Amino acid sequence: MAGEKRSTISADVVIVGAGSVGSAVARMVSRYSLSSVLLERESDVCCGTSKANNAHIVCGADITPGLIETGIVVRSNGLYDKVTGELGVPYRRIGNCYAALTEDEVKRLEGMRDNALKNGVNDVKIISRDEVLDMEPHLTREVRAGLWVPRDGIVSPYTLAIALCENAARNGVKILTNQKVEEITVEDGAVRRVVASDFVVNTRMVINCAGLFADEISAMVGWDGFKLHPRRGEFFILDRKFRHLVNHIMYPLPNPVSRGATICPTIDDNVLIGPTAVDVTDKFDRGTTAEGLQQVMGSVSKYYPEIKPWMAVTQYAGLRPAGAPDFIIGRHPGVAGFINAAAIRSTGISACLGIADRVRELMSEVMELRENPGYNPVRAAERPFRDLSVEEKDGLIAKDARFGRVVCRCETVTEGEILGAIHCNPPARDLDSVKRRTRAGMGRCQAGFCRPRVMEILSRETGTPMTGITLRGPGSEVLTRPTKKTGGKAGVKP
Amino acid sequence: MKEFSCDVAVIGGGAAGLAAATAAREAGAEKVLVIERDRLLGGILPQCIHTGFGLVTFREDLTGPEYIHRFVAKTSEMRVEAKLNTMVLEVRPDRRIIAASATEGMIGIKAGAVVLAMGCRERTRGALAIPGTRPAGVFTAGQAQRFVNIEGYMPGERVVILGSGDVGMIMARRMTFEGARVEAVVEVLPYVGGLIRNKVQCLDDYGIPLLLRHTVTRICGNQRVTGVMVAEVDADRRPVPGTERLIECDTLLLSVGLIPENELTEKCGIEMDKVTGGALLDERMETGVPGIFACGNVVHVCDIVDNVTSMGLAAGQEAAKFASGGGPSGRDYVSLVAGENVRYIVPQRVSRRSLLERNVSVHLRVVQPGQNVRLSIKAGGEPVFKAPKKAVHPGEALIGELTPQSAGFFQKIGELVVDVEPLGKKV
Chain A
1 MAGEKRSTIS
11 ADVVIVGAGS
21 VGSAVARMVS
31 RYSLSSVLLE
41 RESDVCCGTS
51 KANNAHIVCG
61 ADITPGLIET
71 GIVVRSNGLY
81 DKVTGELGVP
91 YRRIGNCYAA
101 LTEDEVKRLE
111 GMRDNALKNG
121 VNDVKIISRD
131 EVLDMEPHLT
141 REVRAGLWVP
151 RDGIVSPYTL
161 AIALCENAAR
171 NGVKILTNQK
181 VEEITVEDGA
191 VRRVVASDFV
201 VNTRMVINCA
211 GLFADEISAM
221 VGWDGFKLHP
231 RRGEFFILDR
241 KFRHLVNHIM
251 YPLPNPVSRG
261 ATICPTIDDN
271 VLIGPTAVDV
281 TDKFDRGTTA
291 EGLQQVMGSV
301 SKYYPEIKPW
311 MAVTQYAGLR
321 PAGAPDFIIG
331 RHPGVAGFIN
341 AAAIRSTGIS
351 ACLGIADRVR
361 ELMSEVMELR
371 ENPGYNPVRA
381 AERPFRDLSV
391 EEKDGLIAKD
401 ARFGRVVCRC
411 ETVTEGEILG
421 AIHCNPPARD
431 LDSVKRRTRA
441 GMGRCQAGFC
451 RPRVMEILSR
461 ETGTPMTGIT
471 LRGPGSEVLT
481 RPTKKTGGKA
491 GVKP
Chain B
495 MKEFSCDVAV
505 IGGGAAGLAA
515 ATAAREAGAE
525 KVLVIERDRL
535 LGGILPQCIH
545 TGFGLVTFRE
555 DLTGPEYIHR
565 FVAKTSEMRV
575 EAKLNTMVLE
585 VRPDRRIIAA
595 SATEGMIGIK
605 AGAVVLAMGC
615 RERTRGALAI
625 PGTRPAGVFT
635 AGQAQRFVNI
645 EGYMPGERVV
655 ILGSGDVGMI
665 MARRMTFEGA
675 RVEAVVEVLP
685 YVGGLIRNKV
695 QCLDDYGIPL
705 LLRHTVTRIC
715 GNQRVTGVMV
725 AEVDADRRPV
735 PGTERLIECD
745 TLLLSVGLIP
755 ENELTEKCGI
765 EMDKVTGGAL
775 LDERMETGVP
785 GIFACGNVVH
795 VCDIVDNVTS
805 MGLAAGQEAA
815 KFASGGGPSG
825 RDYVSLVAGE
835 NVRYIVPQRV
845 SRRSLLERNV
855 SVHLRVVQPG
865 QNVRLSIKAG
875 GEPVFKAPKK
885 AVHPGEALIG
895 ELTPQSAGFF
905 QKIGELVVDV
915 EPLGKKV
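So the protein lines, in turn, are chains A and B. Just so you know, the working numbering puts 404 at position 404 of the first sequence, and the rest follows in order with no gaps. Just so you know, the working numbering puts 663 at position 169 of the second sequence, and the rest follows in order with no gaps.
Calculated directly from the structure, the hints in this document are not laboratory data. None of these values were measured; they are calculated from a predicted model. There are no misleading hints in this set.
Result set (PhoX-like, lysine-lysine): computed pairs, CA atoms no more than 20 angstroms apart in a straight line: (1) A:K308 with B:K768; (2) B:K496 with B:K525; (3) A:K241 with B:K761; (4) B:K525 with B:K577; (5) B:K768 with A:K241; (6) B:K496 with A:K399; (7) B:K525 with B:K815; (8) A:K308 with A:K241; (9) B:K577 with B:K496; (10) A:K283 with A:K180; (11) B:K604 with B:K496; (12) B:K525 with B:K568.
Go ahead and model the full structure; you've got the sequences and the hints to work with.
Now the structure itself:
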């Protein structure tokens with residue numbers, strides 16, 4: 001992007017990165033009378049690590065005691081019910097069970113329980129084979145015992161991040177997407193401005209929530225003592241038809257390298273399987289691999305023999321930051337106004353509310369935080385059409401006929417809901433953004449039927465030609481040109 | 495909520511549904527209702543602008559739009575009521591239908607008989623677990639066909655097609671006409687997946703390479719497809735190490751199979767056939783739930799529309815009969831069992847009474863291609879039907895006709911075994 005085209009704006013606080021952590025920080029900042037800008041390099045919020053993970057909200061049972069991470073995860077877990085309630089984000093503490101298959105593994109359960117107790121997770125317990133099988137009738141009969149962690153739960157990570165951003169925006173945060181941070185200027189020992197793709201933001205505080213890229217952002221102000229690399233995790237999502245196969249978050253016993261592949265229901269009633277843990281170098285390569293997918297399927301089918309690859313509706317890979325032994329959350333010792341919330345590893349979704357709370361403490365050490373009198377923590381979330389009763393559906397269509405047009409047949413998503421996604425803030429501007437907000441295209445036909453319809457709606461509502469509609473931002477245009485005959489006047493509309 | 499009632503409700507206004515609706519009217523049903531979620535009747539056929547439709551039904555070579563127009567016209571002539579832009583959300587076993595419509599809100603329909611004609615959907619990348627990135631430029635062949643033929647846009651310029659299903663081969667030709675370059679059609683099997691005539695007319699005539707025993711092992715490109723890795727496969731369809739190569743392209747079309755769209759059927763609790771992916775039917779096209787019938791691609795994926803139409807006609811007639819109180823009193827069935835080189839048979843069961851009284855036609859699909867074979871149907875090892883076939887192919891359904899047999903014979907048997915066996919084989 002040409003530098004001279006940048007417009008200059010000002011904000012008290014600039015938050016870099018709109019993943020779970022940046023979104024939670026933005027909402028926290030919006031509680032106070034501060035002007036703030038949230039910068040995101042992708043075309044929408046929540047496009048990186050935060051969207052492609054196992055979607056678990058852990059209470060801290062299995063983390064090494066004594067880490068910063070541990071305290072933050074435990075703190076965060078205490079905030080989850082309240083915040084998801086305020087935001088209208090579905091969240092369920094369905095519980096997590098580690099299944100021991102051998103006598104050796106049974107012996108290890110006690111150590112795992114003691115670890116949880118050290119972290120203040122006091123309601124874990126070792127349960128018998130019969131109890132495990134009672135909870136999980138489709139689990140292998142070879143199971144011998146389990147460790148039960150009742151407070152672990154599930155959420156849709158992108159629903160949560162989008163809700164945090166919507167609420168932050170409603171309370172005054174300016175959210176700018178497609179904005180890669182190029183430079184952070186420091187003058188007289190303090191941050192002065194942030195240069196992004198299309199904007200220069202004059203500011204006195206920068207909060208680095210850049211996920212996988214947090215090391216690069218931090219290095220811009222000379223805090224370069226850590227280096228992050230991506231750890232790839234590959235996942236399967238199974239058709240809702242197979243939701244009955246699993247009731248809880250189910251894990252093998254962790255090995256020294258990784259927690260292993262889980263199987264669990266998702267909040268939207270699919271089944272999730274994964275991840276792998278492979279260290280890679282390219283921060284942009286979110287491809288799955290034949291080996292990774294085989295490994296995930298192989299390890300889970302050992303526990304759930306009925307699970308088969310053909311049950312999948314999709315696969316994906318996520319890159320989580322690795323390379324640092326603990327979270328790095330703190331103020332820059334030499335540059336005033338720079339706060340790192342960096343090296344947020346695989347527990348990032350679980351920890352994001354706690355991280356925001358910790359960042360609040362750090363901010364309060366250097367600036368006065370006056371309550372924003374207009375702050376409203378409540379986001380009015382519409383329930384999806386598919387979850388309404390017949391009478392409620394009828395009432396909704398009577399009020400707005402566009403809710404009577406079902407666009408995505410697999411997930412029963414209506415035109416009304418798609419319009420809602422396009423006209424909210426931050427708005428959906430491409431197919432993936434619509435999908436994350438409404439589930440249109442997330443079902444078993446994977447947008448086979450609804451894609452042309454969603455594109456048509458996006459084109460009409462945003463005044464973009466069909467050839468300008470993208471999957472996820474510039475460079476991902478879906479169509480290349482009109483056909484020969486139509487010569488630009490395409491579209492046979494009845 | 496508005497309530498309606500009708501004699502026969504048909505779910506889906508494509509080739510199967512329109513055949514069923516018109517046949518139900520002809521068989522005397524007064525009020526026949528077609529419920530269609532799209533803006534137009536016709537299902538998938540309006541986008542199938544190539545020829546080859548109707549060779550059996552009309553003995554003419556029509557395009558898809560021409561073929562379906564005849565049924566759409568007949569539907570309105572016969573005063574079949576169509577509810578467009580209406581999405582059925584539930585079919586209950588007592589033949590009550592719940593649907594959503596922009597103009598009428600939620601509606602309830604009480605039907606004397608229901609015909610399921612929802613068609614099929616395309617198998618996706620996810621069902622095959624093709625590794626790689628998830629860029630723009632990956633389409634199912636049918637979706638690409640819609641973009642080109644209905645919306646008027648090109649989904650890409652340099653194309654690789656995975657799977658040699660009919661839609662994939664037809665799109666290879668169509669994209670070529672529109673100025674795109676088709677680099678290859680990649681097929682994991684040692685033979686072409688669709689009709690032979692499509693291989694000749696769509697690939698061979700345009701010099702489009704067909705790579706048999708190959709598959710796509712990886713999709714490359716972050717925002718848009720930049721290429722696909724292609725490899726040879728062994729007898730177990732696994733990629734052979736060392737044979738992988740990159741084909742640069744901006745588009746991957748998938749023509750890797752169709753899946754009957756039976757979510758409503760399953761939710762209704764109707765017994766399913768795991769092999770076809772459709773409901774278990776008898777020779778009257780009736781499912782296990784009395785008064786609910788099914789026809790077309792929702793039953794099993796047909797290779798030609800004429801078979802869809804014939805199933806629709808039969809289902810419509812029987813539904814009308816049921817709605818007027820003419821359903822059978824008891825259901826005493828003989829099962830049809832897939833034997834040698836047979837993947838599936840539709841219908842899956844036949845009532846004993848029908849076997850005694852009338853001709854019963856069965857559709858079946860073979861597992862392996864073969865030449866000089868015999869379709870034979872046996873009861874207790876004894877053939878009751880035989881027909882020689884010069885060649886059989888998994889892409890082309892076989893149709894056999896069971897003729898009435900003596901009562902004594904069929905009283906004894908519980909199942910009929912269907913084989914496609916070498917001609918020389920002694921029975």
